[in-house]
Structure formats: structure tokens, C-alpha cells
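Novice: Chain residues, written in single-letter form:
Number of protein chains: 2
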Amino acid sequence: MSLLNAYSYEVALQWTGRRAGHATAADFPVLEISAPPEFSGEPGKWTPEHLLVASVASCLMTTFLAIASLSRFDVIAYRSNAVARLEKVPGEGYRFTEIVLTPVIAVQPADREKAEKALRQAEKHCFISNSLRTTVQVEPQFLVAALEPTR
Amino acid sequence: MSLLNAYSYEVALQWTGRRAGHATAADFPVLEISAPPEFSGEPGKWTPEHLLVASVASCLMTTFLAIASLSRFDVIAYRSNAVARLEKVPGEGYRFTEIVLTPVIAVQPADREKAEKALRQAEKHCFISNSLRTTVQVEPQFLVAALEPTR
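As you go down the protein sequences, you meet chains A and B in turn. In terms of this note's numbering, the first sequence has 17 at position 17, counting the first letter as 1, and numbering is strictly consecutive. In terms of this note's numbering, the second sequence has 1149 at position 149, counting the first letter as 1, and numbering is strictly consecutive.
It cannot be assumed that every hint is accurate.
Claimed, not checked - Partial list, derived from the structure: chain A residues whose beta carbon lies under 7 Å from chain B: (1) 5; (2) 12; (3) 19; (4) 35; (5) 48; (6) 53; (7) 61; (8) 85; (9) 130.
Stated by the list, open to error - Non-contacting residues of chain B with respect to chain A, defined by C-beta distances greater than 10 Å in every case (computed): (10) 1073; (11) 1108; (12) 1109; (13) 1112; (14) 1113; (15) 1114; (16) 1116; (17) 1137; (18) 1138; (19) 1141; (20) 1142; (21) 1143; (22) 1145.
What the hints assert, rightly or not - DEER-style ranges, computed between Cβ atoms: (23) A:27 with B:1088: 25 to 33 Å; (24) B:1109 with A:27: 36 to 44 Å; (25) A:70 with B:1069: 47 to 55 Å; (26) B:1139 with A:104: 36 to 44 Å; (27) A:72 with B:1139: 42 to 50 Å; (28) B:1012 with A:29: 18 to 26 Å.
By construction, these hints were calculated from the structure, which means they are not laboratory data. Every value quoted in this text rests on a predicted model; they were computed, and no experiment measured them. Built from N, CA and C at the ideal position, the CB exists for glycine as well.
Sequences are here, hints too, so could you generate the full structure?
Specialist: Following this line, the structure appears as C-alpha cells:
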């Protein structure tokens, strides 16, 4: 729903037993969720913790892709690891203190500078990391590779 | 990975073309992710925005279930809607300003007070909302229902 510079996102959650449930939203596939095993959950299901990490990493990627498109350069490849550290903070309890994103981005040699600039902009404009108290570190690696000519 | 009151959560993200990719973690099912349609993404896939909402809602649920277990009362049913508001904040750009969770929780009549207390504790201890700058409102509804006797 769009409304004058504001959007809303809705999810429905249903408990299915033990420490697990499923989330539904729009016309997306059903997402099975559980607490992680170290907090008495079931293995093999996405956890609230991993969903947060996936959210931050994918926000950086989609924001970068949007800026790349506006900046008119081609992205050849993009993959990223993301690791979040959850720790007990004195007086506060557990919270995520740091998320480290390590994107590996391939572009053509001539686009490297544009890509670096686009990533810095994406980092600044990512909606999810802007909503976090957690420090989000972005440690990119840029690969330059000539695109194969179209045959 | 556990390490003296600290845990880490890792996700790998792979761009698959356009504004979409997939996320993998541990032995979880592959999660297809795209930007939402209003930001040039493809419909039908989980978005960074929806993943954040699912993360917050499922964290409250799993934390509540853990506290219910410690408090020795039975949860009969738990479902929750969750809505997040993304808006342009002057001088900051877009960020999530509010997430409203509306859990509907069924317990036996004698457990209502315990359940209310457990939810307040879950709200306080949720790792995800403790990591957000966003205001998280919890507006619960408690249903009391006698469990069918075991036959």
C-alpha cells in the first residue's frame, strides 16, 4: 500500500506447535519458522535471527541493483555472505550488536568506480539497516571481468 | 555457534537476475527474495521488508512460547498479524518507524494472568525488537477456552 512517501508491509503468523509456526504474506510461499536449536527450536527451519540477517543482506543487494540501474552500469554477478552477532549486553539482555556483510560484486573494468560509489550509496539508503540499532559493516570485494560478447 | 553468551547467524545471498536472488542458511529451504513491486521488484517473492516483519513477529512468538514453557502453562493457540510502516523521515530517508504486532493468544481461563505476564516479558526480551530503532507496539488479545478433556 502506497500513501504519500509511506508504505506498509503485513505478515500473518500462525503457531503450528512446539516452537514453530508459519508466516504468510501477500502471494508469497508459506515460510516455516522456528526458534534456533540453541533456543529450543527445531532444526531445518528459518529462524527470526536468520530472517533478520537475510533481510539486511537482501536490502543492500536490491538497493545496490536499483542504484546500478539508475547509474546505467551492468552488474555481472553479486553474491554476499552476512553474519550477525547476537550477544548479551549488560543491562539490556540479548541483542544484535553487529552485522557484517561481505558482498562480492563483479562488474566490467570500466564500471568499477561507479559500482563502488553505488555500493556506498546503497549502504547509506538501505531501509533495513537504517531501522536498526545494530552496527552494519559492509566489506565489499569488487571483481572486474569483461563481459562475453553477445553472439 | 555458541561462544560465552554470544551467538552468530550466517546467511548466504546469491543474485539470480533482475531485482531478485535467493538466500540460503544452514539446512533451511532456499528462500527466494525480491524487492517489493513498488521498488521495481517481482511479485510473489518474500521481500527484505516482509522478512523484517516476519522476523519481529516470530521472535515475539517464540520468546512467548519459551516463557510459557518455563512458566508451566499451556498455550492453546497463537496467531498474530504484524504490520510495519516504512516512511520517509526528513533528513534520514526511508526507515521503518513503527511495527504493530497483534497477537491473538488462547489459553485456559486459569492461565490468563500468567499468559499476560509472559507476553509482557517476551516483549521486553525479544532479541529482534531490542535490535531495532523502530517502535514496536504489541496489542494482544487473549482468548480463554477450556481445553477438551483427554479421552
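Novice: Under the constraints set out in the numbered hints, which ones does this structure not fulfil?
Specialist: Hints that this structure does not satisfy do not exist here, as all of them hold.
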